[in-house]
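Heads up: the sequence shown at position 136 corresponds to 136 in the numbering used here, and the numbers run straight through without jumps.
Heads up, a few of these hints could be off.
[Stated by the list, open to error] Dumping the calculated BS3-like pairs for lysine-lysine here, alpha-carbon to alpha-carbon at most 27 Å: (1) K250 / K200; (2) K193 / K264; (3) K266 / K74; (4) K261 / K150; (5) K121 / K39; (6) K193 / K150; (7) K101 / K20; (8) K214 / K150; (9) K74 / K264; (10) K74 / K193; (11) K122 / K250; (12) K39 / K20; (13) K193 / K168; (14) K250 / K264; (15) K168 / K122; (16) K102 / K266; (17) K74 / K14; (18) K74 / K250; (19) K126 / K214; (20) K214 / K250; (21) K214 / K248; (22) K121 / K102; (23) K39 / K14; (24) K200 / K248; (25) K74 / K121; (26) K122 / K261; (27) K250 / K232; (28) K39 / K168.
None of these hints come from the bench; they were simulated from the model. In this text the structure is predicted, and so the values were computed from the model without any measurement.
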Amino acid sequence: MTKNNLKVVKSDTKKDQEIKEKNKALNAAISQIDDNFGKGSVMRLGQQKAMDVESISTGSLSLDLALGIGGLPKGRVIEIYGPESSGKTTLALQVVAEAQKKGGICGFVDAEHALDPVYAKKLGVKTDELLISQPDTGEQALEIADTLIKSGSLSVMVVDSVAALTPKAELEGEMGDHHVGLQSRLMSQALRKLTGSIAKSNTMVIFINQIRMKIGVMFGNPETTSGGNALKFYSSVRMDIRRIGAIKDKDQIIGNSTRVKVVKNKVAPPFKMVEFDLM
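Work out the full structure, taking the sequences as your base and the hints as a guide.
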């Protein structure tokens, strides 16, 4: 055997030894993390089989198909936004009704103090089983939502709406006082806290949001949603819902024709648009 061949064999043996030592150190570190934080805190990506994302139907077949997984994903943050009377709360209540059909427990944080139990019942919601809270402040609303989500008992939690989550400092201040960025900071902090427990408890959290207009926008879309940018980032699915016409029986309006655009989708291809009727 030549000197060059001996050098190659030695270098390969040295590399193998280094790899073994690194693997040994890594396994020791993973073992220590598992002892400190519980088994499964760190694992290799291909170690477990890929799980199908569990979903709950929206009550509309065309929208379920547009979402790509047969509905909205569980264990994720969902945002439904649009103009007034476009069907945001109706769509959220339809999801609640579908979850209840599967035996799930649902919660509704009514920050707007405007939920109509008679209308909810007509949509198929079991109002006797629906947990409802009408909080005084934004902090109280999000704290209640956090506690219920952490219990691990809920299938769906609806927050109606982000715009109505008024910070305590704003309520205690005088009318006309400036409170710059209070609501955005509240939402940002809440979502940082909520995301971990949402994933662990496999609870779907639906935030209903309103549209605001940016001042002085000459080009592009002047519309934006309230509550800052945090919700846009944390949401797995964002849906823009619009009323495109009325459904009439002679002169009486009995429903709305609705268009929904899936603006963001982390579990399937986004930007799909569907039209359906909300009665």
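- For the pair we were handed, K121 and K102, check the Cα-Cα distance against 27 Å. 17 Å, holds
- Query: Are the Cα atoms of K193 and K150 separated by 27 Å or less?
  - Reply: Status holds; Cα separation ~11 Å.
- Message: Against the 27 Å threshold, does the CA-CA distance of K101 and K20 hold or violate the hint?
- Response: Not OK: K101 and K20 at ~54 Å, beyond 27 Å, violated.
- Item | Pair hint K250 and K264, alpha-carbon separation not exceeding 27 Å | 38 Å, violated
- Does K14 lie within 27 Å of K39 when you go C-alpha to C-alpha? Between K39 and K14 the Cα gap is close to 33 Å, so the pair fails against 27 Å, i.e. violated.
- For the pair supplied as a hint, K39 and K20, is the alpha-carbon distance within the 27 Å limit? 23 Å, holds
- Between K261 and K150, does the CA-CA distance stay at or below 27 Å? 31 Å, violated
- Hint consistency between K122 and K250 [alpha-carbon to alpha-carbon, up to 27 Å]: Answer holds: K122 to K250 is near 22 Å, not above 27 Å.
- Message: Checking one constraint from the list: CA of K74 to CA of K250, max 27 Å. Satisfied?
- Response: 41 Å, violated
- Task: Would you check the hint for K39 and K168, treating anything up to 27 Å between C-alpha atoms as holding?
- Result: 40 Å, violated
- Message: Check the hint pairing K250 with K200 against an upper bound of 27 Å on the C-alpha distance.
- Response: 50 Å, violated
- Measure nothing beyond the straight line between the CA atoms of K122 and K261; if it is 27 Å or shorter, mark the hint as holding. 25 Å, holds
The structure fails hints 1, 4, 5, 7, 8, 14, 15, 17, 18, 19, 20, 21, 23, 24, 27 and 28 (numbered hints given earlier, in ascending order).
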